[in-house]
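> The primary structure of each chain is shown beneath.
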Amino acid sequence: MKKDNQANKHVYWNPYFGGFLLGLIIIFTFYITGRGLGASGAMKSSVVSIVDTVAPTHAENNAYYKNFISEDDSPMNTWLVFEALGVLIGAFISGGLSGRISWRIQHSPKISSKRRLVFALIGGILFGLGAQIARGCTSGAALSGMAVLSAGGFITMLAIFGTAYLTAYFFRKNWI
Amino acid sequence: MGPLIPNDLIPLEWNNIIAILIGIAFGFVLEASGFSSSRKLAGVFYGYDFAVLKVFFTAAIVSVIGLYYMDYLGYLDITQLYVHPTYLWAAIIGGAIMGVGFVAGGFCPGTSLCAVAIGKLDAWVYVLGILVGIFIFSELFDFIEPIFDGYNFGNITLIDTFEWDPYWFIFIFAIVAIIAFAVADFVQKKVKKVFY
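So the protein lines, in turn, are chains U and L.
Take the first sequence: its letters are residues 0 to 175, numbered as in numbering that gives the first Met the number 0.
Take the second sequence: its letters are residues 0 to 195, numbered as in numbering that gives the first Met the number 0.
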């Protein structure tokens, strides 16, 4: 069994099958809750929660944080936080069944681990900033937006992929 | 008629339980499709692996056809669904910043969570970066607010904007996706393979 897993570590589902199931999950989510999926929302709740704990006065005076703080409830008590916990569990199950769980830094053999981590940090900062400006990331704005033909969802999707293709040349050493 | 929770057909208390169950399914499908690997994700920008394009557009087509079909059959009232609002310049500028972040870091937030779950340390650093990015946004909110709250067109769909027939639009959207898949396979054959 273990040998099988090691041999199949990088065998993934057919992308059309994965996409089909993902589509069904989005339909189910809208049918039950009336809203779509998300990922960056849980991270925003985490930041609000950390700032509210460390510097409560600062959080109350900030025009953005104060939208998510209330006297009698934690900013973590939101649908998207529970959903993100589920994502972690689901990915852990899938990765575990395929023998993909291990502590590692994945990078191209042409670059060092340190370079990979520096670019991961920069990329994360940019994505976090952009996802707040656009009110959602690839899951919440682009994917869930496109499912209901939201104009903003299509615009965000085109902006993400358009810019990524335009700037891919400058980051090519990291990947190919 | 759906959506079930907003119409009180399922008690609100189930909301967070359903959130975890949906999250598990979402995380499982993303990870099993290979989205916990930044090198696989980045392949879409260099032409050596088009999994992102295929999974993403298949999901978009399946969900939009499914939702409109359920509306047509009367199981779901599509006008009650939450439509992501359109703040024109926020969507463009935010999307552009995310695009650079995507190709620099190799993840988006959802996929980075999947990679965090299976122990990819680069994804842990990436998520830390996202938290820092959100912190920077919040601290600079006063400067960003004119863009963030400006150019608001409300919760509009493409159908409202262009007065298209939704069924024709979805049909053409699906054809475009199939053409894109064929082009992707063609390009992938021409591009030098990258092993990861």
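Treat the hints as calculated values from the structure; they're not laboratory data.
The beta carbon of each residue, even a glycine, is placed where N, CA and C say it ideally should be.
Check each hint, because a few of them may be wrong.
To be verified - Which bits of chain U does chain L cover? Going by a derived footprint, with three or more residues having C-beta under 8 Å, they are:
(1) 39 to 51
(2) 66 to 72
To be verified - Beta-carbon label-pair distances, calculated as ranges:
(3) L:THR160 with U:GLU59: 54 to 64 Å
(4) L:ALA179 with U:PHE169: 20 to 30 Å
(5) U:GLU59 with L:GLY149: 19 to 29 Å
(6) L:THR160 with U:LYS113: 43 to 53 Å
(7) U:ASN60 with L:GLN79: 46 to 56 Å
(8) L:ILE177 with U:VAL53: 47 to 57 Å
(9) U:VAL53 with L:LYS188: 49 to 59 Å
> Could you run down the list of hints and mark each one as holding or not?
Hint-by-hint comparison with the structure:
Coverage of a stretch by a chain is defined here by at least three residues with a beta carbon nearer than 8 Å to that chain's beta carbons; for the stretch 39 to 51 of chain U and chain L the count is 8, and the condition holds. Coverage of the stretch 66 to 72 of chain U by chain L is violated. Counting CB-CB distances below 8 Å, 0 residues qualify, and the rule asks for three or more. Roughly 38 Å separates the CB atoms of THR160 (chain L) and GLU59 (chain U), a value that falls outside the hinted 54 to 64 Å. Under the hint 20 to 30 Å, the C-beta atoms of ALA179 (chain L) and PHE169 (chain U), about 24 Å apart, fit the expected range.
Separation of GLU59 (chain U) from GLY149 (chain L) is about 25 Å and conforms to the stated range, judged on CB atoms against 19 to 29 Å. Look at THR160 (chain L) against LYS113 (chain U): about 47 Å separates their beta carbons, and that is inside 43 to 53 Å. Checked against the given bound of 46 to 56 Å, the beta carbons of ASN60 (chain U) and GLN79 (chain L), roughly 36 Å apart, lie outside it. The hinted window of 47 to 57 Å between ILE177 (chain L) and VAL53 (chain U) holds, with their beta carbons roughly 51 Å apart.
For the pair VAL53 (chain U) and LYS188 (chain L), the supplied restraint of 49 to 59 Å holds, since their beta-carbon distance comes to about 53 Å.
Of the hints listed earlier, those the structure fails to meet are numbers 2, 3, 7, in rising order.
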